[in-house]
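Q: For reference, the chains in residue letters:
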Amino acid sequence: DAGVIQSPRHEVTEMGQEVTLRCKPISGHNSLFWYRQTMMRGLELLIYFNNNVPIDDSGMPEDRFSAKMPNASFSTLKIQPSEPRDSAVYFCASGRITGELFFGEGSRLTVL
Amino acid sequence: RKEVEQDPGPFNVPEGATVAFNCTYSNSASQSFFWYRQDCRKEPKLLMSVYSSGNEDGRFTAQLNRASQYISLLIRDSKLSDSATYLCVPKRSGATNKLIFGTGTLLAVQP
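Residue numbers (this note's numbering), protein chains in the order written: chain A, 1 to 112; chain B, 1 to 111.
If we strip away everything but chain B, and leave its shape as in the complex, we get (with noise of 0.2 angstroms):
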């Protein structure tokens, strides 16, 4: 089982849809985690840290599942500007930061 999966999609909704994605990792000892977004031909940009059940901020809510090991990244009312790569970073607890990225999920959002 990989480290860190997610589905590469893409999502291709609305603007003003609600859209949600979904990131599952193998190694119950991540305690904190990361979501990034990429626009094309550009670096990933660190979005939201998660690092207790969950994190809000605006539009954006991410919700953690200990129990299932996944966590979901929740955009609101999307925007045109919303379209791009959603990566998924689970860290272990302890001194090691060993960040494997999950391979993304593509949102399009449109017009």
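One chain only, chain A, in its complex shape (with noise of 0.2 angstroms):
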């Protein structure tokens, strides 16, 4: 079975480009999680899902972030524009209402 998977890995990228990272859930999960990992921090959620509507993102860190996930199989975290504060490991993961989450093995982006 296929599990969450995001694209694309590894991103560098100049400061003020805008970055878009990719989503795909695992089948038959009704929530969806984005999440950023630094060394500093440790795992942050930025925002979920649930049934594709979004319930909360207080997380997310201002209006330069946005995430859609327009369909059940499918979900983007943009940044724009983005700054080198912004590099970070981030995290997809999907799961069902019972709360174990399954993650996706990350996209490393590196703003110079």
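Careful, some of the hints might be misleading.
Lysine to any residue pairs mimicking SDA-like chemistry, simulated, CA-CA at most 25 angstroms apart [what the hints assert, rightly or not]:
| id | chain 1 | residue 1 | chain 2 | residue 2 |
| --- | --- | --- | --- | --- |
| 1 | A | K78 | A | E105 |
| 2 | B | K42 | B | S53 |
| 3 | B | K42 | A | V111 |
| 4 | A | K78 | A | M15 |
| 5 | B | K45 | A | G59 |
| 6 | B | K45 | A | T110 |
| 7 | A | K68 | A | A2 |
| 8 | A | K78 | A | S7 |
| 9 | B | K42 | A | N30 |
| 10 | B | K98 | A | M40 |
| 11 | B | K45 | A | P54 |
| 12 | B | K2 | A | L112 |
| 13 | A | K68 | A | Q17 |
| 14 | B | K45 | A | M39 |
| 15 | A | K78 | A | G42 |
| 16 | B | K2 | A | E11 |
| 17 | B | K45 | A | L45 |
| 18 | A | K78 | A | N50 |
| 19 | B | K2 | A | T76 |
| 20 | B | K45 | A | T38 |
| 21 | B | K42 | B | I100 |
| 22 | A | K24 | A | E44 |
| 23 | B | K45 | A | M15 |
| 24 | B | K98 | A | L45 |
| 25 | A | K78 | B | I100 |
| 26 | B | K42 | A | T110 |
| 27 | A | K78 | A | E44 |
| 28 | A | K24 | A | P8 |
| 29 | B | K98 | A | G99 |
| 30 | B | K42 | A | D63 |
Simulated coverage check for chain A against chain B, where a stretch passes if three residues somewhere in it have a Cβ under 8 angstroms from a Cβ of chain B [to be verified]:
| id | segment |
| --- | --- |
| 31 | 7–16 |
| 32 | 44–53 |
Think of the hints as simulated: they come from the structure by calculation, not from any bench.
Every residue gets a Cβ at the ideal spot worked out from N, C-alpha and C, and that includes glycine.
Fit the two chains together into the complex; they arrive one by one in their own frames, and the hints show the way.
A: Laid out in structure tokens, this is it:
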């Protein structure tokens, strides 16, 4: 069975550029989460969706970040414009209401 | 107070040792709990779910203390391959499934 699929796995970009991260959740899962992980701050919840609807985006750092889930099999996290402090590993995870999450391999973002 | 708190470690233990670490949570409405394991430069993976007072899976035992609001993870007969960061996640009851991770505890098992 396919797990959570994220792309790109690695991205290096320059400050000011737009970054789009993509996620395909596990089929049948009704919740999708975006997390960001850095050494300093650990694993931070950015936003999560239930049944494609954003439920809590209080973790989104600022207006430069946006996330969408147009259907049950796809979500994007966009950063525009990107800044060096956005450099981190971004994880997408999907799960059911019971709470167990399954993570993708992450997208490692470096903003120069 | 942080929603989830864990001792970052590192816990350095010899092979074969028993090691335990705790996770404290602030929201008394938390009903279920999860332990995840994260290897260096990898994604977190579910290790154990706890829905009642505890759970046991082979060498791993999780115990919940609701009165003191903490959950512990005990690893017996440590293996080199147990070296990882262990993350704790409480889940509130009800429909919301907002899952906030602790910062994790780093375990290093020495040969």
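Q: Determine for every hint whether it applies to the structure shown.
A: Hints, verified against the model:
| no. | hint | result |
| --- | --- | --- |
| 1 | A:K78 <-> A:E105 | 18 angstroms, holds |
| 2 | B:K42 <-> B:S53 | 30 angstroms, violated |
| 3 | B:K42 <-> A:V111 | 20 angstroms, holds |
| 4 | A:K78 <-> A:M15 | 14 angstroms, holds |
| 5 | B:K45 <-> A:G59 | 22 angstroms, holds |
| 6 | B:K45 <-> A:T110 | 24 angstroms, holds |
| 7 | A:K68 <-> A:A2 | 22 angstroms, holds |
| 8 | A:K78 <-> A:S7 | 12 angstroms, holds |
| 9 | B:K42 <-> A:N30 | 24 angstroms, holds |
| 10 | B:K98 <-> A:M40 | 22 angstroms, holds |
| 11 | B:K45 <-> A:P54 | 24 angstroms, holds |
| 12 | B:K2 <-> A:L112 | 32 angstroms, violated |
| 13 | A:K68 <-> A:Q17 | 19 angstroms, holds |
| 14 | B:K45 <-> A:M39 | 18 angstroms, holds |
| 15 | A:K78 <-> A:G42 | 20 angstroms, holds |
| 16 | B:K2 <-> A:E11 | 32 angstroms, violated |
| 17 | B:K45 <-> A:L45 | 16 angstroms, holds |
| 18 | A:K78 <-> A:N50 | 19 angstroms, holds |
| 19 | B:K2 <-> A:T76 | 29 angstroms, violated |
| 20 | B:K45 <-> A:T38 | 17 angstroms, holds |
| 21 | B:K42 <-> B:I100 | 19 angstroms, holds |
| 22 | A:K24 <-> A:E44 | 20 angstroms, holds |
| 23 | B:K45 <-> A:M15 | 32 angstroms, violated |
| 24 | B:K98 <-> A:L45 | 9 angstroms, holds |
| 25 | A:K78 <-> B:I100 | 22 angstroms, holds |
| 26 | B:K42 <-> A:T110 | 17 angstroms, holds |
| 27 | A:K78 <-> A:E44 | 16 angstroms, holds |
| 28 | A:K24 <-> A:P8 | 12 angstroms, holds |
| 29 | B:K98 <-> A:G99 | 9 angstroms, holds |
| 30 | B:K42 <-> A:D63 | 28 angstroms, violated |
| 31 | 7–16 | violated (count 0) |
| 32 | 44–53 | holds (count 3) |
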